[in-house]
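Number of protein chains: 2
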Amino acid sequence: MTTIQTTSFTVNGRTYQPPARPVVVICLDGSADEYFDAALARGRMPNFQRMSVTGYRGFARGALPSFTNVNNASIVTGVLPSVHGIGGNFFYDTTSGEEVMMNSAKFLRCETIFPAAARAGRKVAVVTAKEKLRDIFASGLLELGGIAFSSEKASQAAKATHGIDCVEALVGQPTPAIYSGEASLYVFRAGVALIERGLADFVYLSTTDFMQHKFAPDAPEAVEFYAGIDEQLGLLLKLGAVIGLTADHGMNSKRKADGSPNVIYLESELTKKFGLGFRVILPITDPYVAHHGALGSFAVVHLPATMTTDGKDGVLRFLNHLSGVTEVYGNNAAEKLELPADRLGDIVVISGRDVVLGRTPEYHDLKAIASGLRSHGGRYEEMVPFLLSERLKPEYAAKVHGDPRNFDIFDFTCNGAAI
Amino acid sequence: MTTIQTTSFTVNGRTYQPPARPVVVICLDGSADEYFDAALARGRMPNFQRMSVTGYRGFARGALPSFTNVNNASIVTGVLPSVHGIGGNFFYDTTSGEEVMMNSAKFLRCETIFPAAARAGRKVAVVTAKEKLRDIFASGLLELGGIAFSSEKASQAAKATHGIDCVEALVGQPTPAIYSGEASLYVFRAGVALIERGLADFVYLSTTDFMQHKFAPDAPEAVEFYAGIDEQLGLLLKLGAVIGLTADHGMNSKRKADGSPNVIYLESELTKKFGLGFRVILPITDPYVAHHGALGSFAVVHLPATMTTDGKDGVLRFLNHLSGVTEVYGNNAAEKLELPADRLGDIVVISGRDVVLGRTPEYHDLKAIASGLRSHGGRYEEMVPFLLSERLKPEYAAKVHGDPRNFDIFDFTCNGAAI
Numbered sequence: 496m497t498t499i500q501t502t503s504f505t506v507n508g509r510t511y512q513p514p515a516r517p518v519v520v521i522c523l524d525g526s527a528d529e530y531f532d533a534a535l536a537r538g539r540m541p542n543f544q545r546m547s548v549t550g551y552r553g554f555a556r557g558a559l560p561s562f563t564n565v566n567n568a569s570i571v572t573g574v575l576p577s578v579h580g581i582g583g584n585f586f587y588d589t590t591s592g593e594e595v596m597m598n599s600a601k602f603l604r605c606e607t608i609f610p611a612a613a614r615a616g617r618k619v620a621v622v623t624a625k626e627k628l629r630d631i632f633a634s635g636l637l638e639l640g641g642i643a644f645s646s647e648k649a650s651q652a653a654k655a656t657h658g659i660d661c662v663e664a665l666v667g668q669p670t671p672a673i674y675s676g677e678a679s680l681y682v683f684r685a686g687v688a689l690i691e692r693g694l695a696d697f698v699y700l701s702t703t704d705f706m707q708h709k710f711a712p713d714a715p716e717a718v719e720f721y722a723g724i725d726e727q728l729g730l731l732l733k734l735g736a737v738i739g740l741t742a743d744h745g746m747n748s749k750r751k752a753d754g755s756p757n758v759i760y761l762e763s764e765l766t767k768k769f770g771l772g773f774r775v776i777l778p779i780t781d782p783y784v785a786h787h788g789a790l791g792s793f794a795v796v797h798l799p800a801t802m803t804t805d806g807k808d809g810v811l812r813f814l815n816h817l818s819g820v821t822e823v824y825g826n827n828a829a830e831k832l833e834l835p836a837d838r839l840g841d842i843v844v845i846s847g848r849d850v851v852l853g854r855t856p857e858y859h860d861l862k863a864i865a866s867g868l869r870s871h872g873g874r875y876e877e878m879v880p881f882l883l884s885e886r887l888k889p890e891y892a893a894k895v896h897g898d899p900r901n902f903d904i905f906d907f908t909c910n911g912a913a914i
Numbered sequence: 496m497t498t499i500q501t502t503s504f505t506v507n508g509r510t511y512q513p514p515a516r517p518v519v520v521i522c523l524d525g526s527a528d529e530y531f532d533a534a535l536a537r538g539r540m541p542n543f544q545r546m547s548v549t550g551y552r553g554f555a556r557g558a559l560p561s562f563t564n565v566n567n568a569s570i571v572t573g574v575l576p577s578v579h580g581i582g583g584n585f586f587y588d589t590t591s592g593e594e595v596m597m598n599s600a601k602f603l604r605c606e607t608i609f610p611a612a613a614r615a616g617r618k619v620a621v622v623t624a625k626e627k628l629r630d631i632f633a634s635g636l637l638e639l640g641g642i643a644f645s646s647e648k649a650s651q652a653a654k655a656t657h658g659i660d661c662v663e664a665l666v667g668q669p670t671p672a673i674y675s676g677e678a679s680l681y682v683f684r685a686g687v688a689l690i691e692r693g694l695a696d697f698v699y700l701s702t703t704d705f706m707q708h709k710f711a712p713d714a715p716e717a718v719e720f721y722a723g724i725d726e727q728l729g730l731l732l733k734l735g736a737v738i739g740l741t742a743d744h745g746m747n748s749k750r751k752a753d754g755s756p757n758v759i760y761l762e763s764e765l766t767k768k769f770g771l772g773f774r775v776i777l778p779i780t781d782p783y784v785a786h787h788g789a790l791g792s793f794a795v796v797h798l799p800a801t802m803t804t805d806g807k808d809g810v811l812r813f814l815n816h817l818s819g820v821t822e823v824y825g826n827n828a829a830e831k832l833e834l835p836a837d838r839l840g841d842i843v844v845i846s847g848r849d850v851v852l853g854r855t856p857e858y859h860d861l862k863a864i865a866s867g868l869r870s871h872g873g874r875y876e877e878m879v880p881f882l883l884s885e886r887l888k889p890e891y892a893a894k895v896h897g898d899p900r901n902f903d904i905f906d907f908t909c910n911g912a913a914i
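The listed protein sequences derive, respectively, from chains H and U.
Following this note's numbering, the numbering of the first sequence begins with 496 at its first residue and continues without gaps.
Following this note's numbering, the numbering of the second sequence begins with 496 at its first residue and continues without gaps.
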C-alpha cells in the first residue's frame, strides 16, 4: 500500500487532520436508527455491531428541513445551511419568479471539504447514488485530480468529467437501476474498489433512500439491504478504513388508519380561508418522485404580494391552530431553523410524525406511493444515527454530551478517532 | 397455575381483552432507546433481542412535557394529559396562588385501567420505584383487592394500605436506596415474585430514571443495569407473561462544552427584559432533586397580572428569538401540546436537545448534578421505545405505521398480541 498523506487542512473554519489510513465517511440516505436495530437484532450486521462497541454509536441532530440536499451539503461543507446556502431541494426565487431546483454547485456558498483534502495530498473520491448530488460534490474537485461519480450514471463516468472511467469494470457490475437497493450497494462497492486499487484514500459515500421510503425497518427487504451494507462495512474495515457513518434524515410512516397518505394540502387550505395568491413550496421536491410523491413534513409559504402585516398575523394564527401542524415560523424562521434567509419564504410550516404537507390535491400524483407513504422533512426525522469505527478521543467523547450534528461527521472521522 | 380470567373491560373509551396469560406492562423511566442499543450491542440483553425479533420493537411518541407523572398517568389511563389532567409534576394553581405538586390521585380526572381490570377478574398489582407515583396508581384499586406499593417504601407496605405486606420477604431482599439502580431492579423482582406466587396476573411495573440521569447509554454502569433488567425480562417470559414495554420519556445530555449545565434562567431573562411579576413554573420539579436539580427542557410562564395583550405579544416575540429555545406556545399551548388548559400558564417554552430551562440561578442547587446534567422534558425526549413480546395482529401491525403513542401500550399488550 502506498503511504497516505496526512497533512492537515482547513475548510470553512474547521481544521481536519486525517489519519494515515483510508478515511471513509458515509451518508446513509434516510436511514432512521430503527433500520440498524432491526438488522442488528437479527444478527445481520456483525460489523456494525462490533464498531458500535469498539467505536461509538449514538444520535446526532441533522439540519432542517430534514431533506437530502440540505444535509448532504452540510455534511460535505461542515457548516449550517445558513452558511452553505442550500436550504432545500427546491426554492422559489422571488427575483426571477421561478421555482428553482438546488442541485447545482452554483447554489453552494462555500467550498466543500474535498478540494482542500485533495490539495493536502489526499486521493479524494466521492460516490453518490443520486446523480442530482454529483455536481455539488464534484465542485472544485475534478481539477485537482479527484473522482466524483454516481451509481445512477456509472456507465457515463469519463476521465475528463468524472476523474475516472470504466467504473463498471472497476466495480465488476453494470450500472444499477436508481429505484433499487442495488443503487446504494453499488456506491459501497465502488468505494471498496477505489480504496483497494489505491485510487482513493479519502472517500465520501452517499446512498439513496429508495429502500427506506419503500420498506419499514423490520421488512425482510430492508433487513436484507442492511445486511448487504454490513458486508461492505466489513470490506472497508479490512482495508484499514476509519469509518464515520451518519444519515441525512430519518424516515417515518405518514399514513392514515386506512393506509392512505396523511396529507394537509396547505395551498388549498390557505386559499379556502384567505383567498388566492398563496404559493406553497415543498422543498422535498426532486426528480425522484417515486420515493415520496413530493410529500414531506416541511413547507414554505409565500404570501400574496398584497398581504398586510395584520393579514400575515392572521395566517400565522390560522396555521398555529391547524391540526397536524406542529411548528410555525414567521420572522424567526431563518434564525431558528438555521436556514439562508434570502432563499426562504414568509412562513415555514412543519408537520407531525405521521403528517405530510402538500400543495393541492391536483399537484400530487399519489399513484407512485400507493403502497404506503413513508417520508421525512420535519422534526421527527431530524435525529439520525452517528457511528464512528474507532474509540473517541477524550475531547470528542465529551462533545457527544452536547448536541453533536450529523455534519460534524468529517470532524469526528478525521480528528476524533483515538488511533 | 390457576386459570386467568379473560373478561374484557372498558376504561376511558378503550376496550381491553387481555389474554389468559400474565400481562406485564413496563414503563422504564427515562429509557432513551440508546440504552437498549448499547447493552444489546454488547450481547447483554438476549431476551430483549429475541422479543424484538419474535415480537415488535419500534418507537412511540410520549406525551409532552416529557416528564414522569404526565406520561405514567397517560399510560395507566390510556388517554392524553388533556383528559386525565396531569400535565406536569407541578403546576401553579392561580386560584389558590400556590405551586402544587401533582402526585396525588385527587388530580386525576379519570379512572385508571386498574380498577376495571380488577372488576373484570384480574389480579392486579402495581409496583413503582418512586413512592410519589403510588397514590395515582393505587387509586380505586386497593378496595378491589389489588396491590400497589413502591420499592422506595417496600418495608412499609401493609395489607390494609397496599394490599400486601412482608414485601421484603416476598422479594427476598431489603428495601433498596431510592438513588440506585437497585430501586428499579427491585420493582422487576417484585413483579416476578407476585406472578410466581399467583398473587397477580395483571401487572404494571414503573421504574426510576436515576441511572439514566446519571449515566450515558454506553457507561459500564448503564450496560450492567440493562443486563439486570434483561435477566428479569427472561424470568417474566418463563412465567408465560405477555410483555409490553415503553418509557415515559427519553434522556439527553444538557451540558455546555465545559461540562457545566446548559441553562437558560427564564425568570431572570424575562425580569431583566420586562420587569418584575413573572412566575416560571418548571413542571419537572419533584422530590427527587438529585436526578436533575429541577432543570428540564419545558417551562410554563405566568405573566404579570397587569400585562396587556400587546405586552404578551412582546414576550412571545422575545422568547421566539431567544437562543436555545426551540418552541414557544401562547393561546395554542393546551391544544397543540394536548394539556389541560386550566392547569397551564400563559406561555409554554420548550428548549433544545442540550438545553434546560431554569427560574433564577439562586433557585437551583447545582451541586447534586455536578457530575454532568442529563435531563428531559422537551421534544427531544418525546420519542420512546415501544416493545411487545409477541407478534402483532395485522390491525396492530398497521397501527405502528401511524403515530403510536406510549400510552397505547396497554392496548397493544392486551389486544395486539397475535396469540
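If you are wondering where the hints come from, they were derived from the structure by calculation, not from laboratory data.
Among these hints, one or two may not hold up.
Claimed, not checked - Now the stretches of chain U that chain H is said to cover, found in silico as 3 or more residues with beta-carbon under 8 Å:
no.	stretch
1	608-622
2	729-741
3	869-881
4	887-898
Every residue, glycine too, gets a C-beta built ideally from N, C-alpha and C.
With a cut-off of 8 Å between beta carbons, are at least three residues of the stretch 887-898 of chain U near chain H? With 6 residues closer than 8 Å to chain H, the stretch 887-898 of chain U meets the three-residue bar; holds.
Quick check: the stretch 869-881 of chain U, covered by chain H? Criterion 3+ residues, Cβ under 8 Å. This one holds; 3 residues, not fewer than the three required, reach chain H with a Cβ under 8 Å.
Closer than 8 Å, Cβ to Cβ, for at least three residues: run that test on the stretch 608-622 of chain U against chain H and report holds or violated. violated (count 0)
Confirm or reject the coverage of the stretch 729-741 of chain U by chain H under the rule of 3 or more residues with a beta carbon closer than 8 Å to the chain's beta carbons. violated (count 0)
Going through the hint list in order, the structure does not satisfy hints 1, 2.
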